[in-house]
Amino acid sequence: MATEQEFELIQKRMEAWRENIVHYSINSGRFNKQQMLEHLKAKDEIGAQITEVQMHYLKTLKFRVK
Amino acid sequence: MTNTNLLCITPDYNDGTGATYIGAAWLRFLIDEEAKKVNLPFLDLYKEQATKTNFETEMQRQDPLLVHLFGHGNYNLITCQNGQILLTGCTNDQILAERVVYVLSCKCGRDLGLSAVRKGAFSFLGYKENFTFDTLNVPYPPGDPLTDKVAEAFFRSHAAAIISYIHGNSVRKSYADSQHVFNYWIPIIEDIDPLYAADLVWDRDHQVLNIGEIEPPILPGKIKIAPLLLFAGLLLIPLLRKRSRKI
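Protein chains in written order, with the working numbering: chain A, 1 to 66; chain B, 1 to 247.
Because the hints were derived from the structure by calculation, they are not lab data.
The structure displayed is predicted, hence computed values, not measured ones.
Where a beta carbon is used, it is the ideal one built from N, C-alpha and C, also for glycine.
Take these hints with a grain of salt, some might be off.
Claimed, not checked - Pairs of lysine-lysine residues, derived as DSS-like cross-links and limited to a Cα-Cα distance of at most 25 Å, are as follows:
#, chain 1, residue 1, chain 2, residue 2
1, A, 62, B, 128
2, B, 149, B, 36
3, A, 59, A, 33
4, A, 12, A, 59
5, A, 43, B, 128
6, B, 128, B, 52
7, B, 128, B, 173
8, A, 59, A, 41
9, B, 149, A, 33
10, A, 59, B, 128
11, A, 62, A, 12
12, B, 119, B, 173
As the list claims (entries may be wrong) - Covered stretches of chain A, as calculated for chain B (at least 3 residues, CB under 8 Å):
#, region
13, 11-20
14, 43-54
The following block holds chain A by itself, in its conformation from the complex:
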């Protein structure tokens, strides 16, 4: 489960992203940037999924730098 800090980090990153993002999770549906931000603010299940995916990416970046 994502921590408070992780939710906030991903929310801040997402605020900086392009407006026309469309994200699909085959199980959970289709989301635009605004909808993703709402889920992140609500810290609900979909917000947690988005956070998990983005945190996974950031961790792989750390390994790439090493």
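Given chain A's structure and the hints, the job is docking chain B onto it.
For chain B alone, coordinates are given in the frame of chain A:
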């Protein structure tokens, strides 16, 4: 004994997201076209044809070695047209016994995949968590997903596995090839937006290959003509020498 042919099930319906519309367009473009290129007999149960009854009938009739499943899923199940449950682990997954199975669906690489190989499937390549993807353009439908460069990265990376197998590689090599294609696309997509790349990395790292006790067979791929040409060339050398002496 199964037949060396391919059975695909490709649902495409109004699921409220457009995910099956986009996925079906790309999978049919990539997999069906590749099967045609190598003359691999195949049947694609598409849209209204993508039902459980049709699938079970064709699995019996065609008895295919190679199966590609697409649809919404969960850890222990995969669905088909209109969200109908197609397969559930420990219930009807024995239908996959003695088959090489590739699946584009959320999560079912974990429990359903394990259950299927325990029931005798040669192999089961899928995803152990959600399969996520992104698009540059909206809305789908009615847009043409095949023009979407971001969606392309996700579906080409997935389809690379079964395409590699169709071309005569082993299941293990097909998995490695798919991982290589993910790695090829990740920096390209990163240049567009790291959000998209995060989803691609997620899919790559949650793609899983379950292999049963019996090593999966290899499809006879395209005949490799380079060794034949070399052999023919070696045979011709003495003949040409004799001829040049006569001249």
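Now the hints, each set against the structure:
With a C-alpha separation of about 23 Å, the suggested pair residue 62/A and residue 128/B falls inside the 25 Å cut-off, and the hint holds. Using a Cα cut-off of 25 Å, the hinted pair residue 149/B and residue 36/B holds, with the two alpha carbons roughly 24 Å apart. Distance hint between residue 59/A and residue 33/A is fulfilled; the C-alpha atoms sit about 22 Å from each other, no more than 25 Å. At most 25 Å may separate the alpha-carbon atoms for a hinted pair to count; residue 12/A and residue 59/A meet this at roughly 17 Å.
Our distance criterion of 25 Å between C-alpha atoms is met by residue 43/A and residue 128/B, whose separation comes to about 23 Å. For the proposed pair residue 128/B and residue 52/B, the alpha carbon gap of about 23 Å is at most 25 Å, so the pair holds. A hinted pair counts as satisfied when its Cα atoms are at most 25 Å apart, and residue 128/B with residue 173/B qualifies at roughly 19 Å. A threshold of 25 Å between alpha carbons decides the hint, and for residue 59/A with residue 41/A the separation of about 22 Å falls inside it, so the pair holds.
Restraint check: the Cα-Cα separation between residue 149/B and residue 33/A comes to about 19 Å, which is no more than 25 Å; the hinted pair holds. A hinted pair counts as satisfied when its Cα atoms are at most 25 Å apart, and residue 59/A with residue 128/B qualifies at roughly 19 Å. About 19 Å separates the Cα atoms of residue 62/A and residue 12/A, which keeps this hinted pair within 25 Å; it holds. Distance hint between residue 119/B and residue 173/B is fulfilled; the C-alpha atoms sit about 23 Å from each other, no more than 25 Å.
Beta-carbon proximity to chain B at under 8 Å applies to 4 residues in the region 11-20 of chain A; the threshold of 3 is reached and the given coverage holds. For a cut-off of 8 Å, the count of residues in the region 43-54 of chain A with a CB near a CB of chain B stands at 3, and the three-residue condition holds.
Figure legend: structure checked against the earlier numbered hints; every hint is met.
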